[in-house]
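Between the sequences and the hints, there should be enough to build the whole structure, so can you do that?
Given next are the chains, with one letter for each unit.
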Amino acid sequence: MRRKAGLILLALAVFFAALSPLVRWYAFPRLAKIPAGQYQDMVLEAKDATLLDYGTMKARKVSKVTIVQTLKGNVEASEKIEKTAGKDVVVWDGLSYVVGPDGKMVSKIPERYIFDAHTQEPVHATGEMVDDDPVKRQGIEFKWPFLTEKRDYEYFDAQARVTAPIHYKGTQNFRGVEVYYFEQTIPWTKVKFPRAMPVEGITPESVAKTGTTRWYTTVRKFWVEPLTGAPVYGEEIHQEELRGGTLLGGRDKVTAFAGHVKMREDYIDHTVDLVKSNRTLVLLMTSYLPWGFLTLGLLLLSLSLYLEARSRRPGDPEPTKDTEPEPVTA
Amino acid sequence: MRALIAAATGLAVALALVLTLTALGTPAGETSPKPLLTTVPAHP
Numbered sequence: 001m002r003r004k005a006g007l008i009l010l011a012l013a014v015f016f017a018a019l020s021p022l023v024r025w026y027a028f029p030r031l032a033k034i035p036a037g038q039y040q041d042m043v044l045e046a047k048d049a050t051l052l053d054y055g056t057m058k059a060r061k062v063s064k065v066t067i068v069q070t071l072k073g074n075v076e077a078s079e080k081i082e083k084t085a086g087k088d089v090v091v092w093d094g095l096s097y098v099v100g101p102d103g104k105m106v107s108k109i110p111e112r113y114i115f116d117a118h119t120q121e122p123v124h125a126t127g128e129m130v131d132d133d134p135v136k137r138q139g140i141e142f143k144w145p146f147l148t149e150k151r152d153y154e155y156f157d158a159q160a161r162v163t164a165p166i167h168y169k170g171t172q173n174f175r176g177v178e179v180y181y182f183e184q185t186i187p188w189t190k191v192k193f194p195r196a197m198p199v200e201g202i203t204p205e206s207v208a209k210t211g212t213t214r215w216y217t218t219v220r221k222f223w224v225e226p227l228t229g230a231p232v233y234g235e236e237i238h239q240e241e242l243r244g245g246t247l248l249g250g251r252d253k254v255t256a257f258a259g260h261v262k263m264r265e266d267y268i269d270h271t272v273d274l275v276k277s278n279r280t281l282v283l284l285m286t287s288y289l290p291w292g293f294l295t296l297g298l299l300l301l302s303l304s305l306y307l308e309a310r311s312r313r314p315g316d317p318e319p320t321k322d323t324e325p326e327p328v329t330a
Numbered sequence: 001m002r003a004l005i006a007a008a009t010g011l012a013v014a015l016a017l018v019l020t021l022t023a024l025g026t027p028a029g030e031t032s033p034k035p036l037l038t039t040v041p042a043h044p
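Those protein sequences? They're chains H and E, same order as listed.
Take the first sequence: its letter number 204 is residue 204 in full-length UniProt numbering, and every next letter is one higher.
Take the second sequence: its letter number 27 is residue 27 in full-length UniProt numbering, and every next letter is one higher.
Hints in this document: simulated from the structure, not taken from any laboratory.
Honestly, I wouldn't trust all of these hints.
Unchecked claim - Cβ-Cβ distance ranges computed for the label pairs, FRET-style:
1. H:Gly-292 with E:Ser-32: 27 to 37 Å
2. E:Glu-30 with H:Thr-56: 46 to 56 Å
3. H:Gly-292 with E:Glu-30: 26 to 36 Å
Stated by the list, open to error - Derived DSBU-like pairs: lysine-lysine, alpha-carbon spacing no greater than 30 Å straight-line:
4. H:Lys-143 with H:Lys-276
5. H:Lys-64 with E:Lys-34
6. H:Lys-276 with E:Lys-34
7. H:Lys-262 with E:Lys-34
All C-beta atoms in this analysis are idealised placements derived from N, C-alpha and C, irrespective of residue type, glycine included.
Written out as C-alpha cells, the structure is:
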C-alpha cells in the first residue's frame, strides 16, 4: 500500500514539475495575447495650447484642445489575415479625433494597425494605413510587447509615417506601479496635411497648390508597465507649423498647433486599474504558477522518496511474494 | 520499472494538458458594436 502511494506521489511530482516550465515557456507565449475584439478609448488634453485659426490664418491661445483616441479590434479582418499569416493577428481600427475649445473638429486621422497578438510585431496586409495612405509599419505602436525589456524599441510615428527609436530612460514608480519610462523625439519633419481639414472647402490638395507645407515635431513620453507592455500614462510635447507658400501672406511660418498633451486624469486612474488587474494575470503565468508547480513537484517528490524509504526499512515485514512453494524431499 | 512508468505517466499527462489548453486557445470574441468616437466622452 505504501509503495502504491509512493508511486502515485511520484507521478504527481513529475506532473507538477513538468507543468512548471511548460506553463512559462510553452503556454504563456501561446495564451497571453491581445484579444482580437478589444475596444478602448482614451482622452488626452493640451491645456493652454496654441491653435491656428484657419479663418484669419493666425495662431491663437486656446484654453484646451482635446484628443479622443479610439482603438477598435476588428475580429473579421483579423480572422481573414490569420489564414495567410499563420499566427494570431490583431487588427486595430483607430481614430485620433482632435477637438478644439469650441467643440469643433480640428483634425481626424483614421488608422489601421495590424500586429502579432503576442509579440506585437507588425504584420503587413492589405488595409494597413494611416489617414487612408497605405503604410508598412516597422516597430511598435500604442503598446509594447509582453515582458517589455529595459532597452530601446523602434516606434512608429503615424504623423510622419516614420519609425524611429524610442529610448528606455529608466525605471520609475507611477501611482504604485513599477514602470519603464520611454522617450522618443521626432525632429522637425515635413508631413502631409490631414485629409479632413477643419474648414469646409479647404482640402489638402487646395493647400498644396498654395505652396504652403506642414511641419511637425514631437517629444513622445510613455510610462510602460513591463509585464503587460501596456502604457499606464503618456505625454506628448507636440508642435506643428505651416511654412512658406502664399497661404501665409508673406510670413515664413505660422504655428498650427503647439501644446503639451497629457492623459486626462480619469483615464489615468482607469488605465492604472486595468493594467494592475492584467498584470496579475501575466504574473500568474510567468511567476506564480511556474514557481508554485515546481515547489509542489519537489514536495511531492520528497514525500514519495520518504514513503519508498520507509517501505524498504529492515524492521518492516518483507512484501509477500507470490511464489510457488519449494518441493519437500522425503 | 514501476517508478519509471509512474514518472512517464505524470509527464505525459502534463504534456497532454498543456497541449490541449494551448490548442483550444483563447476566444477571439466579437467586434465591438461601439463606434470610433468623434465626441469627448464624459468618463472612461
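The hints, checked one at a time:
For Gly-292 of chain H and Ser-32 of chain E, the hinted distance range of 27 to 37 Å is satisfied, since their beta carbons lie about 35 Å from each other. Checked against the given bound of 46 to 56 Å, the beta carbons of Glu-30 of chain E and Thr-56 of chain H, roughly 47 Å apart, stay inside it. At roughly 34 Å, the beta carbons of Gly-292 of chain H and Glu-30 of chain E sit within the given window of 26 to 36 Å. Annotation: proposed proximity of Lys-143 of chain H to Lys-276 of chain H holds, straight-line Cα distance about 15 Å (limit 30 Å).
Distance check on the hinted pair: Lys-64 of chain H and Lys-34 of chain E sit about 26 Å apart at the alpha-carbon level, within 30 Å; holds. At roughly 25 Å between alpha-carbon atoms, Lys-276 of chain H and Lys-34 of chain E fall within 30 Å of each other, so this suggested pair holds. Distance check on the hinted pair: Lys-262 of chain H and Lys-34 of chain E sit about 24 Å apart at the alpha-carbon level, within 30 Å; holds.
Going down the numbered hints, you'll see the structure goes against none, and every one checks out.
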